[in-house]
Amino acid sequence: MFVEERQAKILEYVEEHRKATVAQLCLHFGVSSATIRNDLRDLENRRLIIRTHGGAMVKTKTGFELDSNQKQVQNLEAKRRIAQAAVRQIEDGDTVLLDTGTTTLELARLLADKRNLTVVTNDLEIARLLEGGDSLQVVLMGGILRKGFHCTVSYGNSQRQALEGLSVDKAFMGVNSFTLKRGASTPDIRHAETKKSMIAIATTVILLCDSSKFGRTSFVQFARSEEIDLLITDGLPEAEQRKLEENGIQVIVAE
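Position 63, counted from 1, in the sequence shown is what this note's numbering calls 65; the numbers after and before it change by one each time, with no gaps.
These are computed hints drawn from the structure, not numbers from a lab.
Keep in mind that a hint or two might mislead.
Stated by the list, open to error - Cross-link-like lysine-lysine pairs, in silico, PhoX-like; alpha carbons within 20 Å at most:
#: 1; residue 1: K183; residue 2: K198
#: 2; residue 1: K245; residue 2: K183
#: 3; residue 1: K11; residue 2: K21
Could you put the whole structure together from the sequences, leaning on the hints where they help?
In structure tokens, the structure reads:
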């Protein structure tokens with residue numbers, strides 16, 4: 003395993019478990035403690051983790067966000083399961099909106115068999131992936147290119163104005179953080195405005211939320227809990243699922 007690949011997997015492990023000791027990482031990755039310490043030092047220097055005595059812990063600041071390349075290696079299997087569950091919600095002839103994100107990108111990979119589908123997105127990778135589809139029409143939202151994230155975000159009210167008059171059957175939204183009280187949130191103000199514009203034109207709002215996002219809060223709220231119709235996740239305690247359903251949010255746990 004290359005150094006970069008191992009460090010990406012270490013970051014994923016720490017994010018998933020919230021913290022990890024050097025001993026745990028040595029056992030999990032089958033390398034020496036010296037190697038793990040060097041990897042943790044590199045990750046800390048890149049401001050991706052916080053080193054502790056004998057290990058590391060996740061760095062959770064409300065304004066911090068990994069770029070797209072870093073996100074693609076995190077919780078990938080969970081995101082693929084969520085995407086498999088999400089694609090079952092899409093019918094031939096639908097008009098759907100795909101928010102930017104690594105989970106929605108996995109969903110886009112599954113759309114080849116759909117017929118007469120219109121996809122609205124602000125994600126450049128999703129647009130490039132789908133542009134060759136014979137039975138797909140892609141609407142790419144304009145705006146400011148968000149560096150490192152392969153997407154456009156709103157310039158003032160530009161995207162809200164551009165979407166006025168449009169409507170979509172389903173909006174599939176990515177999320178950085180979610181709590182029942184705070185709703186869905188993201189670290190970036192402009193991205194939050196983009197997401198609000200998307201939700202405003204959707205008949206059904208579907209949140210794609212892997213289990214690492216629950217119980218966390220980011221800087222800017224973009225959706226209240228009551229605005230979310232369906233939440234698809236890879237895992238959720240039964241008590242939390244009941245609370246969501248009691249508040250009108252349908253929950254699908256992707257197996």
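Evaluated hints:
1. Restraint check for K183 and K198: satisfied, since their Cα atoms lie roughly 18 Å apart, inside the 20 Å limit.
2. Between K245 and K183, the direct Cα distance comes to roughly 11 Å. Compliance with the 20 Å bound is thereby established for this hinted pair.
3. Restraint check for K11 and K21: satisfied, since their Cα atoms lie roughly 14 Å apart, inside the 20 Å limit.
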